[in-house]
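S.K.: Can you build the whole structure from these sequences, using the hints too?
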Amino acid sequence: LTLGPDVDAKKLSAQTPGFAGAEIANVCNEAALIAARRDKKFITNQDFTDAIDRVIGGLEKKNKIISPGEKRIVAYHEAGHAISGWFLEHCDPLVKVSIVPRGVAALGYAQYLPKEQFLYNTEQLIDEMCMALGGRAAEELVFGKISTGALSDLERITKMAYSIVTMYGMNAKLGNVSFYDSKGQNEYGFSKPYSEATSQMIDEEVRIIIDNAYTRTKELLTERRHELEVIAKELLEKEVLLQDDLERLVGKRPFGGQTNYQAHMAGTDRSETASEVKNENPGAKIASDLPELHLPGMPTESETA
Numbered sequence: 007l008t009l010g011p012d013v014d015a016k017k018l019s020a021q022t023p024g025f026a027g028a029e030i031a032n033v034c035n036e037a038a039l040i041a042a043r044r045d046k047k048f049i050t051n052q053d054f055t056d057a058i059d060r061v062i063g064g065l066e067k068k069n070k071i072i073s074p075g076e077k078r079i080v081a082y083h084e085a086g087h088a089i090s091g092w093f094l095e096h097c098d099p100l101v102k103v104s105i106v107p108r109g110v111a112a113l114g115y116a117q118y119l120p121k122e123q124f125l126y127n128t129e130q131l132i133d134e135m136c137m138a139l140g141g142r143a144a145e146e147l148v149f150g151k152i153s154t155g156a157l158s159d160l161e162r163i164t165k166m167a168y169s170i171v172t173m174y175g176m177n178a179k180l181g182n183v184s185f186y187d188s189k190g191q192n193e194y195g196f197s198k199p200y201s202e203a204t205s206q207m208i209d210e211e212v213r214i215i216i217d218n219a220y221t222r223t224k225e226l227l228t229e230r231r232h233e234l235e236v237i238a239k240e241l242l243e244k245e246v247l248l249q250d251d252l253e254r255l256v257g258k259r260p261f262g263g264q265t266n267y268q269a270h271m272a273g274t275d276r277s278e279t280a281s282e283v284k285n286e287n288p289g290a291k292i293a294s295d296l297p298e299l300h301l302p303g304m305p306t307e308s309e310t311a
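In the working numbering, the protein residues as written are 7 to 311.
Derived Cβ-Cβ restraints for the label pairs, each shown as a range:
(1) 96 / 207: 26 to 34 angstroms
(2) 213 / 96: 18 to 26 angstroms
(3) 214 / 96: 15 to 23 angstroms
(4) 217 / 73: 26 to 34 angstroms
(5) 160 / 43: 35 to 43 angstroms
(6) 255 / 188: 39 to 47 angstroms
The calculated lysine-lysine pairs, modelled on DSS-like cross-linking and capped at a C-alpha distance of 25 angstroms, are:
(7) 16 / 121
(8) 16 / 258
(9) 239 / 151
(10) 151 / 77
(11) 258 / 239
(12) 17 / 258
(13) 17 / 244
(14) 17 / 239
(15) 258 / 224
(16) 244 / 258
(17) 224 / 77
(18) 121 / 165
(19) 165 / 224
(20) 179 / 165
(21) 46 / 16
(22) 121 / 17
(23) 47 / 16
(24) 47 / 17
(25) 239 / 77
(26) 224 / 239
Please keep in mind that the hints were generated in silico from the structure rather than gathered at the bench. Only a predicted model underlies this, so the values are computations on that prediction, with no experimental measurement involved. Glycine included, C-beta positions come from ideal geometry on N, C-alpha and C.
M.R.: Right, here's the structure in full:
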């Protein structure tokens, strides 16, 4: 590859944390193709940036014209996720957030660097649910109404809440019981060896968990309303923000120690297996931006599809 003078390998690595060798090779190939289509003699930093966006979020939909009003909703929705995750201790911070339409129906996406983790406690799961609800909570807080953009978020947090109650025995009211079908004979991974009364109790507890998480998220965003406005306005202006931009705009995360992203950039992350970059299904709508938690024993979307 013939590289331009503006190509900075360190800055590019900051945008591709957790990428495997094959994914990096794919980015390089895409960058070369983009440069060729633009009739350039060498590959520039912008070509690499566009290639990374394409690999992560899919093709840019230049023919998808959204109204200024909808674009503003998307910006606040994404900012809600970003601020919620930034100020919740157990959430992984953003690497990148974009409101450029990509993929089949995505109006925005974000990239995270989850750490290698196999066990989760209740506090961690609730924080992840709050981050997922950040988009809808921001919409309600700013516009006084909600949109259909939270579809994928609601699907995800509903699965998590039911897993807390019926799979992991983390609900005080139901106690240490699990209705998970480990043999996988049930289509949804759950058996139902309980009465209708227990079924009603499960539904009630799930609703309580989600309602409490949503209330907590709205309180956080109300407290951090200034930061929410700053991020949303910057997104509307630049359309793409990196983690350095968030630190510049709202300050560092208020938790001690290095984040897994900072450890990655400093070269202190010595895990033999690189953390996987998790991105939401690009077929989702506005909130196609949150990582899927692969919890122990919990079937993935590909397994339940």
